[in-house]
Amino acid sequence: MEGRLYGRIGIVLVVILTAVYFLVPTIVYFSLPADQRNDKETFEAALPSWAPKKRMTLGLDLQGGVHLVMGVDVEKAVRDRIERRADEMRSWADQQGLAYASIQVDPSRESVRTSFANEQDAAAFRTAAESYWGDMRRLGGDRWVFDPVYLEQFRESAVDQALRTIRDRIDKWGVTEPTIAKRGSDGILVQLPGFTDPERAKELLGKTAQLEFRLTAEAEANEAIASITTLPEGVTRGHDGFQAYLQSTDRQLLEKTLEGKAPEGTKFFVGRIEQRDATGLAAPVVYRSYLLRSKVELTGDKLTDARVAMEQGGLGSGRPYVAISFDNEGTRLFGELTGANVGKRLAIVLDDTVSSAPTINSKIPDGNAQITLGTQNYNQALEEANDLVLVLRSGALPAPVSIFEERTVGASLGPELVRSGTTAAVIGLVLVMLFIGVYYKRQGLIANIALVLNGLFILAALSTVGATLTLPGIAGFVLTLGMAVDANVLISERIREEIRAGRTAKAAIREGYSKAFSAIFDANVTTLVAAFVLLQYGTGPVRGFAVTLSIGIIASFFTAIYVTRLVNEFLLSRGSQQTISV
Amino acid sequence: MEIIKPGTNFDFLAKRRTFVTVSIATILLVLVLIPVRVNLGVDFAGGTEIEVKFAQAVQADALRAKVADAGFGDASVQQIGAEEENSFLIRVGQVSVVGDEDLERYRETLARELESYGFLALDFDAGTGDLLDLRTEREVPEAELLRVARAAGLPLTQRDEPVRNLTRAGQPAYQFVIQGLSDNVSQALHAEFGEENVDVRRVEFVGPQVGKQLRNRGIMAVLLAMAGIVLYVLFRFDVRFAPGVLLGLLHDVAVVMGYWVVTGREFNLTSIAVLLTVVGYSVNDTVVIFDRVREVMTKRKGLSLYDTLNTAINETLSRTIITGLTSILALVGLLIFARGSLFDFAAAMIVGIVAGTYSSIYITGPVALWIDQRVQKREAERKLAEGKAAQA
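Protein chains in written order, with the numbering used here: chain A, 1 to 582; chain B, 1001 to 1392.
These are computed hints drawn from the structure, not numbers from a lab. Since we're looking at a predicted model, the values are computed, not measured. There's no promise every hint is true.
[Stated by the list, open to error] List of simulated lysine-lysine pairs, DSS-like, C-alpha gap at most 27 Å:
id, chain 1, residue 1, chain 2, residue 2
1, B, K1212, A, K182
2, B, K1005, A, K441
3, A, K182, A, K207
4, B, K1015, A, K515
5, A, K54, A, K40
6, B, K1301, A, K515
7, B, K1015, B, K1301
8, A, K172, A, K256
9, B, K1005, A, K506
10, A, K256, A, K363
11, A, K441, A, K363
12, B, K1377, A, K506
13, A, K172, A, K207
14, A, K207, A, K267
15, A, K515, B, K1299
Given these sequences and hints, build the entire structure.
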């Protein structure tokens, strides 16, 4: 019996130590001055090497920042898409020498109507078009609509491309710890901690993406990179077989190093190097430089479409590539450009970020180009192809974004809220502990141990999952602790009843715990049901409240039942508690 | 120390008709009053809310006049915190600076000025409120667009790129970027009070579709939580208990909503959190009582449900009161120090805790009893009828 008791005490101590261990990063984080906390390097320098990395962060409502939900105007993108298709149909009919009377988008902008000078050409167009544009369907007569499956994919990719563009831009500013995620079917959630100029953010994020094609400047690059003799720490050299470059995980640092180093007529750009480890997981992003010509050869608005296709037959059969097509003017420009620069590389630049620099293999006169991917790995190639399609489409068919929701908290409000919130929390907890201590005497003091431990576990759990501490979260913390005392109230009341029924201290404690258990269990489960629903519903601050509540309820099973019972049994075994104080 | 002395034996069920009737009346009354009296915040109604703090003393009325001068006649201005804090909450129901009449005016001017380019349409998405779409037959140079926009008095953004060129495949299309509403308000305040004296501390903007979505999802969440809890009670306890639990929950939600009905304070996302927590809390009390009912039933077989319920409520009364008190005590700090929506959180939660305590004592039990009596009566009638049939 004695041995088992000490074993259980050991368990509790281990759990407490583990909780403290997981809290270390959070304690370090909050002990740093407010303006340095979010600097990754300062934080990591202050963190002991043995400590875990995950920590709690302050929510936007407490540290200031911008919360935006951007809506992607998917329907507009769809309407633009059909306009473009009509354009493609016209130029294709011209090429084939088919005499059409009109190829027009109908007023609802959902379908394209075609009419031809004679039935022979109309029939020829129908047969050819049906195999050429697999993504379209012919309704009765000569009305063409997009296939619903394709349209669904297109809508999704419109959101994806907006998401990608936004991510790239935020990446470029170097905002610390931004959140960028899809929300619902057409929304994008953006959170920028510490960023307090919402108009500026909206402006930058809402801009239409600029897609450009520029030639690389290989010889100049080798010279320019060689001329940079001293590199700051964290920047290294590399060579991709065509041109020398600098690389770093810190984009801002890399851009600073390259500043003013480009020879005349050229400009430095930055691109990403996709790196994967053996398991195929994406490694930390590495940025590299590209030296490109200042002249923009072609812009994205000349592009009509980009899609992933598979190679048919031959050695590379089944390998994914990216197929792009241009409008009439684009076809002419692209033909001239490729004809004059065979063997050179043409960089695809979106919003000043290079996404790829394929080599021009031959002149492309018909406006239909293929971009093959460097990698031999099928999955990786497919992923790269999809990404490139998103980039190209962002330039060709921008999906305009607008603001659905905006919440900004200025820098001055946060600290004030943290102060008043913690004061309120401390007062609430002190009142609860005083009351329980006085009302249930020794059992109350034991319940207070449980309460403190519950608080510790909630904070440790929040820290471990990297949760965000919000103002409602602080309120939820206090309320959860106040409500979790319920378990000890139930137990103490039971013990009182058992003593009144004439049981010994030991029996009263045993009975008290075992009889109270079913009530505690059922009561906690019902609260959990409500908390889980809130978790599904809530966003931002309210979610923080639900998380706290759920963790507190689960932790209270351990603290209020296991730990307090152990303390009671320990006191009994020491013989100091022959009578019970409750 | 004991607040509730052991051995209490109140007859909580004697006046059950009165209590249940009053509760149902409360539920109905609140239901009727919710649409007229609840003041939906921007989270649900859509709109813009701005919290500003001034360096010098400012009167609410004066501020209201200034905001109205800036073109927001329907704005509500409310002082928050202590008077010397000089903090105000400005709420504008509108989402955009562009109204219907404005749009008509812009359209006329642009149609006239851009006639030579073949003006087609000027569209405005009221849902987002910061973009105007222009389509023409022939391409218009950017300088010309800017000139025309100024002539028409479009409130273009002060930042770079007030006009976006979306021309694709030879179809000229442009977008004018309109100044955001919050920016407009803060600019007016800066101009009036001096930029260094105005601290825009918080801006919340919620588009109308999002507001509607959040509102519907909020209602769904509360209903879902209630359904989940009732299901759990069905599964863990007795079918006869479930209707009472449901009525109790409806009562609690109604009373908590009553807080917003009576005070006219803003109902927002945090309010939904309160409703859900109260639902969870109230059922907590009920479950503890039902747990005791279960126990009394096995210990003292043959006791009527009336007496069983009364015994269970009395035996758990002390716990019910103490837990209610600790939960309320935890909120006292917030009641003193928090402001805005967090104050409402604490206040409404306290209302909810009291309501939950009341409903688990006075509503859930009586309804269970009533249902039990109905079932037994029907059972007796059925037996009687069977007996008669057998005799015949």
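Problem set entry | List of violated hint numbers, smallest to largest | 4, 10, 11 and 12
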